[in-house]
Amino acid sequence: LAKTTQPISMDSYEGQEVNITCSHNNIATNDYITWYQQFPSQGPRFIIQGYKTKVTNEVASLFIPADRKSSTLSLPRVSLSDTAVYYCLVGGGGNNRKLIWGLGTSLAVNP
Amino acid sequence: NAGVMQNPRHLVRRRGQEARLRCSPMKGHSHVYWYRQLPEEGLKFMVYLQKENIIDESGMPKERFSAEFPKEGPSILRIQQVVRGDSAAYFCASSPPNSINEQFFGPGTRLTVL
Chain A
47 LAKTTQPISM
57 DSYEGQEVNI
67 TCSHNNIATN
77 DYITWYQQFP
87 SQGPRFIIQG
97 YKTKVTNEVA
107 SLFIPADRKS
117 STLSLPRVSL
127 SDTAVYYCLV
137 GGGGNNRKLI
147 WGLGTSLAVN
157 P
Chain B
201 NAGVMQNPRH
211 LVRRRGQEAR
221 LRCSPMKGHS
231 HVYWYRQLPE
241 EGLKFMVYLQ
251 KENIIDESGM
261 PKERFSAEFP
271 KEGPSILRIQ
281 QVVRGDSAAY
291 FCASSPPNSI
301 NEQFFGPGTR
311 LTVL
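Heads up: the protein sequence lines correspond to chains A and B, in order. Residues in the first sequence are numbered from 47 upward in steps of one, following our numbering. Residues in the second sequence are numbered from 201 upward in steps of one, following our numbering.
No lab work stands behind these hints: they were computed from the structure. Quick caveat, the model's predicted, so the values are computed rather than measured. Quick reminder that beta carbons are idealized off the backbone N, C-alpha and C, glycines included. There are no misleading hints in this set.
With the Cβ distance kept under 10 Å, some of the chain B side facing chain A (calculated, not the full set):
no., residue
1, Y233
2, F245
3, I255
4, F305
Isolated chain A (complex conformation) (with noise of 0.2 Å):
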């Protein structure tokens, strides 16, 4: 089963650009690489998924290598309002319905 690791915590100031980098080694074939936002008190929030390269949303970027080994969520131009936990997950492509999430990375976004 792959197994994802991402840092445990991250600081940042505003306006800068933030990047979070979760490895899963382990990853199946047929798995994507999705993405969420918890802000505190409340449910995850889906952010971005990927199965290679990139791909970007309004709201971030998401680098994956040829090896897709790891990942990278990119959140550009953070604010105040980025302050969150961000959780990697990686699973639920094909006929594979496990999901294996991260244990999450703290962002705190300082003034």
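Given the coordinates of chain A, assemble chain B onto it according to the supplied hints.
Okay, now just chain B, sitting in the frame of chain A:
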């Protein structure tokens, strides 16, 4: 289209009582997931259900915990004989059948065991 609904939002129980947590998935979603989050900790997967079927319960404690998702009505997470260590936020999520990675979460139920 209402989001995932959970009730109650807050639940207080004394040790030894039963706790029943309800989750109504988004309209059109047939997959439900339950997660537990202890204070200051990450999200821990508990169980994954489809209508009338348990797909994956590898995260469920072996005793006192059970979950169901009947053909009609909400999904229920049931905790019997609660202990203080069961105090946590319990989140429910739902997804359509062809996109289990894109889960929509409810607001959670905060269980406090006295």
